[in-house]
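Engineer: Chain by chain, the residues run as shown.
4 protein chains.
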Amino acid sequence: MPRLAYLGPEGTFTEEALRLLDPTAERLPCATVSAALNAARSGDADGAVVPLENSIEGAITTTLDEFAWGEPLLINAELLLPVQFSLLARPGTEIPHIKRVYTHPAAITQCRAFISRELPDAVVVAAPSTAAAAQEVSLPGSPYDAAIAARIAGEHYGLAELAADIGDRSDTVTRFVKVSRPGPLPEATGSDRTTLVVFLADDHPGALLEMLTEFSVRGVNLTRIESRPTGDGIGRYFFHFDFEGHVADARVGEAIAGLHRICGEVRFLGSYPRADGVAPQIKRGTSDPEFAEAGDWLARVRSGQV
Amino acid sequence: MPRLAYLGPEGTFTEEALRLLDPTAERLPCATVSAALNAARSGDADGAVVPLENSIEGAITTTLDEFAWGEPLLINAELLLPVQFSLLARPGTEIPHIKRVYTHPAAITQCRAFISRELPDAVVVAAPSTAAAAQEVSLPGSPYDAAIAARIAGEHYGLAELAADIGDRSDTVTRFVKVSRPGPLPEATGSDRTTLVVFLADDHPGALLEMLTEFSVRGVNLTRIESRPTGDGIGRYFFHFDFEGHVADARVGEAIAGLHRICGEVRFLGSYPRADGVAPQIKRGTSDPEFAEAGDWLARVRSGQV
Amino acid sequence: MPRLAYLGPEGTFTEEALRLLDPTAERLPCATVSAALNAARSGDADGAVVPLENSIEGAITTTLDEFAWGEPLLINAELLLPVQFSLLARPGTEIPHIKRVYTHPAAITQCRAFISRELPDAVVVAAPSTAAAAQEVSLPGSPYDAAIAARIAGEHYGLAELAADIGDRSDTVTRFVKVSRPGPLPEATGSDRTTLVVFLADDHPGALLEMLTEFSVRGVNLTRIESRPTGDGIGRYFFHFDFEGHVADARVGEAIAGLHRICGEVRFLGSYPRADGVAPQIKRGTSDPEFAEAGDWLARVRSGQV
Amino acid sequence: MPRLAYLGPEGTFTEEALRLLDPTAERLPCATVSAALNAARSGDADGAVVPLENSIEGAITTTLDEFAWGEPLLINAELLLPVQFSLLARPGTEIPHIKRVYTHPAAITQCRAFISRELPDAVVVAAPSTAAAAQEVSLPGSPYDAAIAARIAGEHYGLAELAADIGDRSDTVTRFVKVSRPGPLPEATGSDRTTLVVFLADDHPGALLEMLTEFSVRGVNLTRIESRPTGDGIGRYFFHFDFEGHVADARVGEAIAGLHRICGEVRFLGSYPRADGVAPQIKRGTSDPEFAEAGDWLARVRSGQV
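Residue numbers (the UniProt record's numbering), protein chains in the order written: chain W, 1 to 306; chain A, 1 to 306; chain L, 1 to 306; chain G, 1 to 306.
The set of hints was computed from the structure by calculation and includes no laboratory data. Hints are supplied without guarantee of correctness; some may be wrong.
Identical copies go unnamed one by one, so any copy, or any two together, can satisfy a pair.
[Stated by the list, open to error] In silico SDA-like cross-links for lysine to any residue, where the CA-CA straight-line distance does not exceed 20 Å:
no., residue 1, residue 2
1, Lys99, Ser116
2, Lys99, Gly141
3, Lys99, Pro184
4, Lys283, Ala250
5, Lys99, Ile152
Given these sequences and hints, build the entire structure.
Structural biologist: Encoded structure:
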């Protein structure tokens, strides 16, 4: 039974993601994304589940930066989890009494309309996670009157649900990934995704166009690009890429080897089955058999057999 | 004397940026980036100063999303401000006594080494801004023992500076922009930057490559690209672009008209002098005189004078 | 009644093309393509009809080079003419008697199988045109026993047709163009072609890719590309391009103005209705209304109305 | 001692090229380029020397088409030969007596100014080669008074040189290649050229741009492109490419394997030392060691060692 670290405390959306990704795993809650990943790195856990991006908030930059700068880990699974927020308070609290609300900044953004309408005079304070907010509110003497968090956080910490599904949109989704220490990759399934981090060799005009051309010329479709600062001043960025296919695919292998040649550093973050099960449309000339046949042809040409 | 809204309270890095951008302006502190921008939109202020990106933290996504989705505003100036963090507490507090630290998540990230080394047992709680953290800590009965914020925030709220320049890096910079309601643009100076938001018409493979090609074919160099979720599910993004040049430049005009033609929506966010004063290297064939001469040539060709 | 020069003598495929392009024109046969074009240039004729390319032989390089280097002329019409070759001889000649055959090199190539099979021992000599070959063979005392030419050449010069349709392929086509001195262009019809000559500014790697990108980024499809030597040594070329659309089309105008900006010289050779009547598929964002709308949008943006 | 076929008769520029490429070879003159290549194909000769392009005339299309359609041969050497034309006649002939001139069409073009000036009334007739013209003129009873050919043709056939170096330009160069039946390729020298023929899979807009991108993305610079008709009607072309590098180079191998994957057919025509000895500038990331290192990296990534 594997032991998986996650962004806790109990009751976070991440815990819910972990339960769906691996129902039988032992769960190790951690205070931060970094702590969860470090548990996986150190061997305290066999892996970790962390959020990568949200359909409203965008990238979870802590996760991106940990993947780029920390000890290497490999993504081996992803999950898309619809997220619904509830307004949670100690039993007996009523909405008009709420003066201070505690929740994660992502939830503040996603519940903006509800907050304006129902809690116009409340002060809303940023918490490290929605579950941490629920935990804090559950403490006697908490300076906060309510938390915005997942329903299961309320159940876990004994809070009453004053309002359910209070997000501005009902179709918000968070993408979670499961990572582990480097080792054998998941098999290619035909519906895979690969994630990379790329640092430029020298930040010349057109560098991004060159990188995208390495993908497009081999028929590899990007599904996500994020730029992140390298820390060396405004205007210096590195890139996260998600794209269709598995590194075992010939077209993917040649594309990322091309990036490796022309870029400063390419960090491979994993190839894993897509949560949505979508199979890519493979462009003429870029399937594995076509690569193999072209390799045979090239070998013949090089030996003068034409 | 213009009245400029900013991300307050008094003592934020944003206030410092505003003072540098317009020393004589009347300053209107606002609780959030959104509130500052809304003050500019409504006419309560003549403009606003907000952070756009940080060399460690990356984009300020609230600002990006406000620019993309809110009532239009135009950037007319930018400023690069070195940011230095101080550990601030109520007079009499000593570092060993500090159990709870309050600060903005960006500061948590940027002072990670100091916190681990000097405050290993402290709980660090996320605040909406560094100055708000200082303000909160200054209140009698605050649950927090210290704030991490700009020195001027400490001066403003009567806190003692227990440690100075505690960031992991001493060269951290934040980029601020000054915006106002749409109106005449700043003149082109030869060292300008333009900012755009682009929504895809249809999210097909290669769409990003096509957008970058619209820039590169006219010799326009990108300086920043950010992807942000459209809100319509994982895998749907729109883009923020910064690039060299002024919309009055022929090459820039043709490039963004090209984007406008092939994309779903292009929102112009302003052309303004670059804070670093760097003048772009203009690629052969893309200067204004060369565009003008080509236009004359085309007119002759169309009239059959060859 | 216009007077049109053409590659004569009477009986050439070019004469046939001229009759189809302008049945009522007065016809002025000329000894060479250059002479026909010079007649148009000098005013001796109102225009000229010359071959541009053949579906077997490829480009007529004399025509290409005349268009590139000679006094400017504009193409205003094109015609695709199926070409069928006949073996022609003085009456009384029989195939076994034929020892010397005279014809244009293009016909030698296109009738290779017939010649090998039926005239295995004949010497085949290159003539300046197929009709000139017929004319020569018709002369008493000609050293040649037969000509390969169009049937109408045989009729014209009183030769017997010993074999008809002797080309290796029965679907050979020659493309002819009608040119005149520069002046108002034919109206755009929605099914037009434009022809250009482009000289590089400096022959750097990637120059051709850059030129093609100027077309592709505006959705302009090439239909022909020919490289020709500049005369300045092996490895120095200029280019002929045919592409879909009329110079009056916004996308075409912007593309060729782009070429004009980045290349050494662009010589416009005309926009004219396509002989095949094919209308181009116009890529999203590249129609005239879309260009006009983008221009209006850009004007608003530049004036700060966003 | 190898036996090499060439475009004869004796005295052609091709013979001169052959002597320079292989001074000790036995020489087998052939009536046409095709005959010379067929001698190499059949084993009558060990190889052949034929012209490929001329700095004034452009491609020798017969050679291009033979290489594309005939039984495969491989280029193993190239030579750049300055070509100078002489006016040659039977001894005793003087320029004013010349009424009929016989020469190859390329020479007609290249000596146009001399012909107009010195032989304004002469009829100029096309010959299959310049040496064939000299041979014909040398025959008693020839209908021609003079030939334009290489000086050595005059020496060979006993003609007087009435005028020397009569070309419009004195720097005209012809590129010759030596070919043989498929077999081991010449070793890479660091200054090599590779020649290919490419047939499109389906002639869609942008196909040429895609082909060029296969080269450019691997840093392979084109030195020549020629389009030739496929024979299937106007508007259907295939392409000859010359480019820097040897097929044994990793970047070249990957580029042409890419073409092989996306195109209908790629015919390899040889890798051989460049006559001009120019070594290519190798773009960052495209050298053989960089390809090898990237291959090792990819193997590690695929095995999960990151």
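Engineer: Does each hint hold? Answer for all of them.
Structural biologist: To see whether the hints hold, each was checked on the structure:
Taking identical chains as interchangeable, the C-alpha atoms of Lys99 and Ser116 lie at most 20 Å apart only when both belong to the same chain, with a minimum of 13 Å there against 33 Å between chains. Proximity of Lys99 to Gly141 under the C-alpha cut-off of 20 Å is found in both arrangements, the shortest distances being 14 Å within a copy and 17 Å between copies. Proximity of Lys99 to Pro184 under the C-alpha cut-off of 20 Å is found in neither arrangement, the shortest distances being 52 Å within a copy and 43 Å between copies. For a Cα distance limit of 20 Å, the shortest separation of Lys283 from Ala250 inside one copy, 13 Å, qualifies, whereas the shortest one across copies, 24 Å, does not.
In this assembly of identical chains, Lys99 and Ile152 lie within 20 Å of each other by CA distance neither inside one copy nor across copies; the values are 23 Å within and 29 Å between.
Of the numbered hints given earlier, the model fails hints 3, 5; all others are met.
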